[in-house]
Amino acid sequence: MDCHVDGESTGDRQAADLTARLLKDVLANVLCHLAPRDLTTSRCVCEAWRAMVDARRLLRAKLLPLWLGGIFINFHNYSISELFTCLCDHCNGLLVIEGSDDNSPDLSVHYVLNPATRWCARLPPLSTPVPPSAPTTMEAKPYEYRYDPDPYQDIYDKYLINDPTISLHYKVCGQEITTRLLQRVSQYMLATKVPLPSISDSPSTSSSSPQEPPLEPFGYKDSPLDFHSPLHQNAALTLRTPN
Amino acid sequence: MAAPESGDGNNGAARMVTLISSDNTRFEVEAAAASLSQTLQLTILDGGGGGGDGIPLPNVDSATLSKVLEYCIKHAPAAANGGAPNATAVDRAELERFDNEFVNIDQSVLYSLIMAAHNLEIEGLQSLVAKKVADMIKGKSPMEIRRTLGFPDPTPEEQAEMNAHMLEYGWAYE
Chain A
1 MDCHVDGEST GDRQAADLTA RLLKDVLANV LCHLAPRDLT TSRCVCEAWR AMVDARRLLR
61 AKLLPLWLGG IFINFHNYSI SELFTCLCDH CNGLLVIEGS DDNSPDLSVH YVLNPATRWC
121 ARLPPLSTPV PPSAPTTMEA KPYEYRYDPD PYQDIYDKYL INDPTISLHY KVCGQEITTR
181 LLQRVSQYML ATKVPLPSIS DSPSTSSSSP QEPPLEPFGY KDSPLDFHSP LHQNAALTLR
241 TPN
Chain B
1 MAAPESGDGN NGAARMVTLI SSDNTRFEVE AAAASLSQTL QLTILDGGGG GGDGIPLPNV
61 DSATLSKVLE YCIKHAPAAA NGGAPNATAV DRAELERFDN EFVNIDQSVL YSLIMAAHNL
121 EIEGLQSLVA KKVADMIKGK SPMEIRRTLG FPDPTPEEQA EMNAHMLEYG WAYE
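Sequences listed follow chains A and B, in order.
Counting in full-length UniProt numbering, the first sequence runs from 1 upward without gaps.
Counting in full-length UniProt numbering, the second sequence runs from 1 upward without gaps.
Hints were generated in silico from the structure; no laboratory data involved.
Among the hints, a few may not be true.
Here are the simulated BS3-like cross-link-like pairs (lysine-lysine), alpha carbons at most 25 Å apart as the crow flies [what the hints assert, rightly or not]: (1) 24(A) / 131(B); (2) 131(B) / 74(B); (3) 67(B) / 131(B); (4) 24(A) / 138(B); (5) 74(B) / 24(A); (6) 24(A) / 67(B).
Keep in mind it's a predicted model, so treat the numbers as computed, not measured.
Using the sequences and the hints given, assemble the complete structure.
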């Protein structure tokens, strides 16, 4: 596949210097004209290009859908597509799915994955306590999870909070009690200065400070977070029904 | 020979400026054409480059500069109109034809050109050449891209890494 004609090598060496001479900005300017498929190919060309595509998030901008209605699997020789049913939640292109462990098939395991980049992270076992230092040590990593230890977590729905336009970090919440999830959401909203969606009859919002931005109904259109999906509407409904 | 009038936005037609390439060749062009370069525009607005002074461009050689100026001269009238809607379809088609032919050049010239366009901040030329290089990449395998752009042969480690990444992105070649 890569047999080279001998005479080419000297010319190659000289031209390689020319490619390397291109400033990063110039190379990025070239690569951003490529379609996602060609960008993935470019990621394979060499380390420098791969670093460039990743660092400038060229693929992210093109491949991350901001809204996901659902995933269908199309099997060969099957006339009917199947809905990918084990989707627990999704948010701005990341999915939380429920799967199983290869070693112990009975154990239910949750994964967070990005189908666009084939990135996948397994959420820690449900009963594993998060070490106290975890939040700070994980700060530097591109993806961060926060998972509070809770023996009943597996019966809760999983909610994913992720906004790639603000941060590479995402958060997964198990819906434990309504107020707790609401606190997480509102903390996140406040931390990222996103207008807080209104959840009117919850005790937590009533305690919120008066200088907060005006409350908007769930489904607030300009919010970078995606609250339009049915799953989030479910979340909203659950939130409105105190246990 | 440079007209003394300056400062007025509408003086492009008469005013000439001198640009000096890295190998000391002098190019005299209309200020309007040279002003396509954001870098030069400020100097020219300040009244520089006229008379015997000239603006030195130590990063651009004469071959590249003449190519750059060819582009600027062709595009200056359209830019002066601000890409106005009164530009006829014929004009636009003519510019497009010119652009296509303009980038149909040797790769090393293309690289020099893209660097010059970057240094001089000529937006249209930057994206024109970037698109051309992107076209050279489109639809090719990583190995073909390396060959097209003249990378050296990959070392065994690089080759292994390439294969691994291509495996990961197998769907891109289906």
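Okay, the hints, checked on the actual structure:
no.	hint	verdict
1	24(A) / 131(B)	holds (16 Å)
2	131(B) / 74(B)	holds (19 Å)
3	67(B) / 131(B)	holds (17 Å)
4	24(A) / 138(B)	holds (19 Å)
5	74(B) / 24(A)	violated (28 Å)
6	24(A) / 67(B)	holds (23 Å)
Of the hints listed earlier, the one the structure fails to meet is number 5.
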